[in-house]
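Please construct the entire structure, taking both the sequences and the accompanying hints into account.
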Amino acid sequence: MASTIRVRATNNGDITEVQALIQHPMDSGFVKDSKGEIIPPHFIQQLTFEYDGKPVFSADWGGGVSKDPYVKFAFKGGKKGDELKVSWVDNKGATDSTTAKIG
Amino acid sequence: MKLRAVRFGFSALALAALAFVLPATAADKIDPVADAKAFKKFFYDKFPKLKPEDFVNGPYSMDEGLHRQWVEKEQFPPYEFSVEAGKEMFTKPFKNGKTYEDCFPNKGIGIRQNYPYFDEKEGKVITLELALNRCREANGEAAYSYVKDEMAALTAYMAYTSRGKPFDIKIPDDPRALAAYEQGKEYFYSRRGQLNFSCATCHVQTPGERIRTEVLAPALGIMNAMPIYRSEWSGMGTTSRRFVTCNSQVRGVPFNPQDDEYRNVEYYLSYVANGLPISGPGARP
Amino acid sequence: MKAKLVLLAALLTAGSAFAASEADYKAAYAAAEAANKEAGQLRNQWTTTASTLAAAKKAADAGDFDKATEAAKEAEALAKASIFQATSEKTLWRDLEIR
Numbered sequence: 001m002a003s004t005i006r007v008r009a010t011n012n013g014d015i016t017e018v019q020a021l022i023q024h025p026m027d028s029g030f031v032k033d034s035k036g037e038i039i040p041p042h043f044i045q046q047l048t049f050e051y052d053g054k055p056v057f058s059a060d061w062g063g064g065v066s067k068d069p070y071v072k073f074a075f076k077g078g079k080k081g082d083e084l085k086v087s088w089v090d091n092k093g094a095t096d097s098t099t100a101k102i103g
Numbered sequence: 104m105k106l107r108a109v110r111f112g113f114s115a116l117a118l119a120a121l122a123f124v125l126p127a128t129a130a131d132k133i134d135p136v137a138d139a140k141a142f143k144k145f146f147y148d149k150f151p152k153l154k155p156e157d158f159v160n161g162p163y164s165m166d167e168g169l170h171r172q173w174v175e176k177e178q179f180p181p182y183e184f185s186v187e188a189g190k191e192m193f194t195k196p197f198k199n200g201k202t203y204e205d206c207f208p209n210k211g212i213g214i215r216q217n218y219p220y221f222d223e224k225e226g227k228v229i230t231l232e233l234a235l236n237r238c239r240e241a242n243g244e245a246a247y248s249y250v251k252d253e254m255a256a257l258t259a260y261m262a263y264t265s266r267g268k269p270f271d272i273k274i275p276d277d278p279r280a281l282a283a284y285e286q287g288k289e290y291f292y293s294r295r296g297q298l299n300f301s302c303a304t305c306h307v308q309t310p311g312e313r314i315r316t317e318v319l320a321p322a323l324g325i326m327n328a329m330p331i332y333r334s335e336w337s338g339m340g341t342t343s344r345r346f347v348t349c350n351s352q353v354r355g356v357p358f359n360p361q362d363d364e365y366r367n368v369e370y371y372l373s374y375v376a377n378g379l380p381i382s383g384p385g386a387r388p
Numbered sequence: 389m390k391a392k393l394v395l396l397a398a399l400l401t402a403g404s405a406f407a408a409s410e411a412d413y414k415a416a417y418a419a420a421e422a423a424n425k426e427a428g429q430l431r432n433q434w435t436t437t438a439s440t441l442a443a444a445k446k447a448a449d450a451g452d453f454d455k456a457t458e459a460a461k462e463a464e465a466l467a468k469a470s471i472f473q474a475t476s477e478k479t480l481w482r483d484l485e486i487r
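Protein chains in written order, with the working numbering: chain A, 1 to 103; chain B, 104 to 388; chain C, 389 to 487.
These are calculated hints, taken from the structure and not from any lab test. Among the hints, a few may not be true.
[What the hints assert, rightly or not] Simulated DEER-style distance windows between Cβ atoms:
| # | chain 1 | residue 1 | chain 2 | residue 2 | range |
| --- | --- | --- | --- | --- | --- |
| 1 | C | 429 | B | 152 | 30 to 36 Å |
| 2 | A | 10 | B | 152 | 29 to 35 Å |
| 3 | C | 410 | B | 314 | 53 to 59 Å |
| 4 | C | 485 | A | 60 | 50 to 56 Å |
| 5 | C | 485 | B | 244 | 55 to 61 Å |
| 6 | A | 10 | B | 248 | 37 to 43 Å |
| 7 | B | 145 | A | 13 | 46 to 52 Å |
| 8 | B | 152 | A | 13 | 44 to 50 Å |
| 9 | B | 172 | A | 83 | 42 to 48 Å |
| 10 | A | 60 | B | 147 | 47 to 53 Å |
[Stated by the list, open to error] 30 Å max Cα-Cα, derived DSS-like pairs, lysine-lysine:
| # | chain 1 | residue 1 | chain 2 | residue 2 |
| --- | --- | --- | --- | --- |
| 11 | B | 268 | B | 140 |
| 12 | B | 251 | A | 35 |
| 13 | A | 32 | C | 446 |
In this text, a Cβ means the ideal position worked out from N, Cα and C, and glycines have one as well.
Listed below in structure tokens is the structure:
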């Protein structure tokens, strides 16, 4: 199955800029469906970007983050051709990860 | 009794008013070409710094801060998932083995800018959403809801294949087509709902200004971006959905999706934007 | 004398000249529904008309006919206003038209 994570990383000398779009319902657990029943909470709790074995960005999320979250950040370092690893874990224990080459 | 007489008076007035759907005088000829020219001129004059093609990006051309955020987001647009889903659906065979490709010219690729069109056999406006559901029904499949994800994904995909192509809406020399166009125009400018807004109140009188925290889009080019991924909806939504929710937001009871009024106003708004490029599917706040 | 005072007190606290009966409510509701139906034929109903009608019915079901009648009368006024809007907009729309 295709990854839920789309990531693009671009290096400009000192800095590497990263953008990611993640497919996930991010249900807060507060919204009711058309029948009036609560849609159970289902959201990413941990998101980590790793470069050279070390985390360069990590996020602890809750239900306040919207569906299909978009993340953009920059970190010092990174080289063209090197790999960036992205992974997430949600409140149901599901996970997904992917690696992308820095361009 | 007095009350009954007043009520009868209202009904008589209502019936009389209904008879005047078309212009009252012969001198008021329906002239879509002149309308479109005046419509464009109004918006070009109102926003002299914008190029014609800027109008198809709605609020992003109205506010610099929004524009910057949007340009960034377009590198990784939120509607990607919906477009991909639409593409998959488009080529997946129905139970009878056919696909949507068999219902449309050029297999449905790069044709969105021709919708809506006036069907002279039926005497009505046909929108893209309507054509898609008719395709389904003609091939033994149940119609999709006009306001849910599937129709949104299909129209998003088709819009995507037409990006950049100029709107090319035709009004045949047929009094019924002209009447449909004119009814769409009347719908657009008529106030409705307890809040007494017409479409024009927001999109002609106050584009670029705010309604609560949202920046209003100009009416010129507003159909070019449809369907739209709205952050408010956390997903892709159809033209039908937007028409329906706009009605209820001004406290007017909405019609059914694809009722004549909605088809006709889509016809009118698309026609007056002829020449402006398709920018759909759009992303909106 | 005491009975008269009690009656006077009851009338004053009713909040209107007469306490509404179920029949009053039914008449008001029917009038409001008829007006809203006419608005429907003009394809111009308001969401607040429907919700006020629903509130009227809810109050009546709970036995509060004063509240129910008041709501039904408000619903009729809303429906009539929506009819007026539809008929006047038939000509007024041209005032907003870009020419």
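We went through each hint and held it up to the structure:
{"no.": "1", "hint": "429(C) <-> 152(B): 30 to 36 Å", "in the structure": "violated (47 Å)"}
{"no.": "2", "hint": "10(A) <-> 152(B): 29 to 35 Å", "in the structure": "holds (31 Å)"}
{"no.": "3", "hint": "410(C) <-> 314(B): 53 to 59 Å", "in the structure": "violated (43 Å)"}
{"no.": "4", "hint": "485(C) <-> 60(A): 50 to 56 Å", "in the structure": "holds (55 Å)"}
{"no.": "5", "hint": "485(C) <-> 244(B): 55 to 61 Å", "in the structure": "violated (41 Å)"}
{"no.": "6", "hint": "10(A) <-> 248(B): 37 to 43 Å", "in the structure": "holds (41 Å)"}
{"no.": "7", "hint": "145(B) <-> 13(A): 46 to 52 Å", "in the structure": "holds (48 Å)"}
{"no.": "8", "hint": "152(B) <-> 13(A): 44 to 50 Å", "in the structure": "violated (35 Å)"}
{"no.": "9", "hint": "172(B) <-> 83(A): 42 to 48 Å", "in the structure": "violated (29 Å)"}
{"no.": "10", "hint": "60(A) <-> 147(B): 47 to 53 Å", "in the structure": "holds (49 Å)"}
{"no.": "11", "hint": "268(B) <-> 140(B)", "in the structure": "holds (19 Å)"}
{"no.": "12", "hint": "251(B) <-> 35(A)", "in the structure": "holds (16 Å)"}
{"no.": "13", "hint": "32(A) <-> 446(C)", "in the structure": "holds (24 Å)"}
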